[in-house]
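Chemist: So you can see what is in the structure, the chains are spelled out below.
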Amino acid sequence: MDQRTTIVEAEAEPGGVPQSLRELAGDWGADQEVFRHVHWGKAMMWIFLLSDTFIFSSFLVSYMTMRSSVTAPWPNTAEVFGLDVGGVSVPLLLIAIMTFVLISSSGTMAMAVNFGYRRNRKATAALMVATALLGATFVSMQAFEWTKLIFTEGVRPWYNPMGAAQFGASFFMITGFHGLHVSIGVIMLLIVASKVLRGHYDRRGDYSAVEIAGLYWHFVDLVWVFIFAFFYLW
Amino acid sequence: MATIADDLRPLHHPKTWIGKYVWSQDHKVIALQYASTAIGVGLVALVLSFMMRLQLGFPGRFHFIQPENYLQFVTLHGMIMVVYLLTALLLGGFGNYLIPLMVGARDMVFPFVNMLSYWFYLLSVIVLLSSIFVPGGPTGGGWTLYPPQTITGGTPGSNWGIILMMVSLAIFIVAFTMGGLNYVTTVLQARTKGMTLMRMPCSVWGIFVASIMGLLAFPALFVAAVMTILDAVAGTSFFVPQIVSMGKPTEHVGGSPILYQHLFWFFGHPEVYIVALPAFGIVSDLISVHARKNIFGYRMMAWAIIIIGALSFFVWAHHMYVSGMNPYFGFFFATSTLIIAIPTAIKVYNWLLTLWRGDIHLRVPMLFAIAFLFTFIHGGLSGLFLGNVSVDVPLSDTFFVVGHFHMVMGVSPILVIFGAIYHWYPKITGRMWNETLARAHFWITFLGAYAIFLPMHYIGILGVPRRYYALGETAFIPPSVHYANMGITIAAGLVFAAQFLFFTNMIWSYFRGPKADPNPWGGASLEWQTPDTPPTHGNWGAKLPTVYRWAYDYSVPGAPQDFIPQSEPPGAAGSRAPA
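Same order as they appear, the protein sequences are chains A and B. The numbering of the first sequence is the numbering used here, which starts it at 1 and goes up by one. The numbering of the second sequence is the numbering used here, which starts it at 235 and goes up by one.
Only chain B is shown next, with the shape it has when bound in the complex:
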């Protein structure tokens, strides 16, 4: 039987505008649909975060932010950013766009289901946002949605909001499963001739392993969502014990809130790496291309991604040191958590060693990639504090935690996403963005991120708790905290405003930008070798490319150019061919 890659039957090319751009089965269009929806809903979450900052920086000054609104902002901001923006953008957006182009396929293996994946995702976003308009508003239980408080009276959105949130998550998981099956199967079974797994660019490795992890981690959240919905709607007691709420005993009896926490974090911790691994992969490619040097230790980079992915399923309870679970678990989970530092450190050293004596071009994508190294190393170091039980206990639920995870899984992947958008924009649109605007956007975002999140570590070490609407007159909180909070809010405002430089740049350049070179950065991987820019439906014209080498032949001695495309046969143009 011929492989899928050899299948040269023509794709079904839709003729109508709606068939091409709305009900499209082309992975590139689906990727753009995913990306624009994710960025749109991410903007909502960005506005919410700025509202929270307004309240924290200037408590009580803004009357439209009441305590229950604040809790709702916290919850929606967290859930949207982690699931509906980062997961959807990195896997649905970049995964869809890059996988077929980078492995030399014409499309995903099952384009129809891939299309359905997007429409289910859109539905989940609509359900989520509709919770803003129902009686009681969206849920305010914190993004982890712990029962019993999410479904007992007194918490905002305990009647409608939580149900819509859980329904939306369940729909999202269905959508992700349809997409994820495509990403994984395409990488496994639909690569072009010569494309062995160990010749794939790191981006594909990251997205591939993250997709597998998503398929295995989201089920736990699905189950948690179903059980919460049943608790809220059918009156079951999976998660809610017998408690007195607002002076009245609830109807529930015998449920286990810790069970929910285990299910949630069995999803929640792999989720961190579902977001991080594609970012790891993409940043490896950005660094290698813009340093004109092969990625240092490619094979270890790929293995580190696999090992991080596997280990991340054994660390979930490090989010639960203060939950009341058996304290002996803490020993096991602290150990496994610190073991993950080993493959992660391998990756960090390899990035730094790729830069070492490279021919570094400080173009905007590279600036973002290097900025990622800063924020990720800082976020990783504060992670060492929180991974140890005895250090974590006093820091738990303080702003230190907020500073840590925003640095490591908020800012870091976002910086990579910006870098990746600037990097692939010329291929996606065929036009080039404006350099000045892009540089201004970079410097304000990068320095601003530090101005926002570094002081949070200081506030956290002083013991200021997170998720509090207002601190009030509290003896242990010095005035410096209030100044720091004010400063953070001003920095957040600047960073917020700077994002409009990005949007202006992207939209203006799409229509008015100068025509881009098909391969402006001299990239060796397959997506830069397409016959058309932007690539057309089917990607490769009449004949699929054949791959003869890995994706990192930069600055090869004796080669006529400083890069050799993956599709160039050995011996052609007098180049040497490493395996």
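For reference, chain A alone in the conformation it holds in the complex:
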């Protein structure tokens, strides 16, 4: 019999907690590893992302309470983040493109992880570089958006000609913090990609690093979906 089962049964008492719950606790409390055959780095990245989720949640919840309590009018985000195409103002165009780019980068990242586990060095590295390029495109479009907002619209962290000052403050803070995450992700992807290319993970026989970088990247994309929904679409 498996050692885990014996432990669960040995600790069982008549009555009390149902068998199924006891087995659940037994699985979690099992010998040596809670997450069986999971690389520690992967577990650590998941826990870090959980912590980071709390940071972004705090930012977004703070922004939402502020937005519902300010007395000055909140600018119409569809217009502010619109783009003029041939004289026609298309609402949310830039942001739609940015979102598309970032979501696509999650696709290339997922493929990179797949090729990594198939030990295909070249394809893995190429897809990771593609992911990093899409990420860099996202950051540069964000820079364009910031420039437009600062120089064309005159928005400042402490001042907003279109209404509530908190609009500019929370916009720069939240997108800035997210942009920082994307930039760090781009650097991380490039480092891991170069290690892939040099055969570092082939020698170690362990491609987990690609997947761990991928976890972070998907998380940053997911956070963007929430920022997109709560900041731009609201």
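Hints are supplied without guarantee of correctness; some may be wrong.
[Stated by the list, open to error] To give an idea of the interface, some chain A residues facing chain B are shown, with a C-beta separation under 8 Å as derived from the structure:
hint, residue
1, Gln32
2, Trp40
3, Met44
4, Pro157
5, Phe226
6, Phe230
[What the hints assert, rightly or not] Distance condition first, Cα-Cα at most 35 Å in a straight line; then the derived DSBU-like pairs of lysine-lysine:
hint, chain 1, residue 1, chain 2, residue 2
7, A, Lys195, B, Lys777
8, B, Lys249, A, Lys42
9, B, Lys482, A, Lys148
10, B, Lys777, A, Lys42
11, B, Lys482, B, Lys254
To be clear, the hints were calculated from the coordinates, so they are not data collected in a lab. Glycine included, every Cβ here is placed at the ideal spot set by N, Cα and C.
Put chain B on the given structure of chain A with help from the hints.
Modeler: Structure of chain B alone, referenced to chain A:
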């Protein structure tokens, strides 16, 4: 794939002195670096508290304590004690030292990041202390750092001090995150063979759950710090509404001070348990070892730690009953606050029942553990007063609150820390401390703590407010308050002086103490079974220990010794093996 614990590739052993002791990746060295830095900065906070007592006991007698200095002392004392001493010492110090040894690992899973964690912590301490030397001095906004007063003129340190404080906190959070990820992942994924979660010593349980809580609670403080810095530096209005300060309207408009309070206490209340849970865990082990008896209700002890940890995320607004938030919130938060009393009471009863008919050895670590039971029960009982909205409102911002939280999260964890240091000192240094000095230190500290904090409850019930520089001629304050204040200050002076017995003892014994037995208390948990004392880099020599039982096999009938080490196989030496 083999587990990490089975990974027998040799660790990278640095050859140079700097590699071994300065840029060290060994969890034991990092633990000592964390602990000594934390105790050092804690000494600064201890001196500050004595300066406050001098002013309160003998108002106006000391000209170097001006009102703004007093406020700065209050602020720095509180923040240093809670974050830079207690959190850093219990998690960075004890967490680092004990986790790998107690779960049978060679080191933390990511030693490099663990090392970075310490250096970031040191940086945060340096940034914090540098605020003493900038124009305007450190911030004097109270340790909770509520805006708007922290960043508007008239508050000490509103120009430089508050920014450095917030930057330092942000750096601390980065440092803690790097350490905390290591502690949690090591417990989850790097235990030795046979070490199920339900065989871990309570110390590891406490530190483990507190680390998870830290990873989820510190983000709120991080966000609050970033937003305060932006308010102060970039002129944003996250927290500051339109107000008139010093006769002039500020440039801010539309911010919400209560938002800051929610963010701060979403961190602040779990923080109480981030400090308390490791202390709970460690004290369980001290009591069990020195009473030569298994911990009563081990499984409930572990579950109570988990439940307290989870519940503590739903009680934060009980710090805000008088803040002006919606009064209906008070109902919810009072209820959830009182529910926490249930798992906490389970723990207290289990400690008492562990002592019941135990073979109690009143050695110094045990004295501290029993003292903890006194102070913690007292602090917990006054907590019942403050948890109820209608009782809290008149007691809010009085010395009763000061007495309560110093008893429950100041004195109690500190007593456990002292007990733990005396308990593990022989393992850490290989030498034994001086018994006489240690006993003198204990009795002065324990009785002195009562002499300091018990009268504060009385002063508080009379309505004396906290954080006041001087009370002056106030009709409702009887002369007894002034005598009490004087008495508290004298007691504080004695306790302050007694700490030098501790430091003398620790430092002298480190060099001149007699060689200690590798397992002087007869402990059953893994850290006492290391092949070397003090444990060397890699902890376990060539082969990792295998665990066959829980950590509490004391006074087992029929066993040859009064304890059975966790690593002893069943059947060996004719002992019975409970699961």
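Chemist: Are Met44 (chain A) and chain B close enough, Cβ to Cβ, to be under 8 Å, as the hint says?
Modeler: OK, holds: Met44 (chain A) within 8 Å of chain B, min 4 Å.
Chemist: Close enough to count: is the Cβ of Trp40 (chain A) nearer than 8 Å to one in chain B?
Modeler: Since chain B brings a Cβ to about 4 Å from Trp40 (chain A), closer than 8 Å, the hint holds.
Chemist: Given the hinted pair Lys777 (chain B) and Lys42 (chain A), is their alpha-carbon gap at most 35 Å?
Modeler: 26 Å, holds
Chemist: Hint Phe230 (chain A) vs chain B: min CB-CB distance below 8 Å?
Modeler: Nearest chain B Cβ about 15 Å off; hint violated.
Chemist: Answer holds if the nearest beta-carbon of chain B is closer than 8 Å to that of Pro157 (chain A); otherwise answer violated.
Modeler: With a minimum Cβ separation of about 4 Å from chain B (threshold 8 Å), the hint on Pro157 (chain A) holds.
Chemist: Given Phe226 (chain A) as an interface hint, is the shortest Cβ-Cβ distance to chain B below 8 Å?
Modeler: 15 Å, violated
Chemist: Given the hinted pair Lys482 (chain B) and Lys148 (chain A), is their Cα-Cα distance within 35 Å?
Modeler: 34 Å, holds
Chemist: Does Lys254 (chain B) sit within 35 Å of Lys482 (chain B), going by the straight-line distance between their CA atoms?
Modeler: 57 Å, violated
Chemist: Taking 35 Å as the top limit, are the C-alpha atoms of Lys195 (chain A) and Lys777 (chain B) close enough?
Modeler: Holds. Lys195 (chain A) to Lys777 (chain B) sits at ~33 Å (cutoff 35 Å).
Chemist: Are Lys249 (chain B) and Lys42 (chain A) close enough, with their CA atoms no more than 35 Å apart?
Modeler: Holds. Lys249 (chain B) to Lys42 (chain A) sits at ~31 Å (cutoff 35 Å).
Chemist: Is the interface hint for Gln32 (chain A) satisfied, with its Cβ closer than 8 Å to some Cβ of chain B?
Modeler: 5 Å, holds
In this structure, the hints that do not hold are numbers 5, 6 and 11, in rising order.
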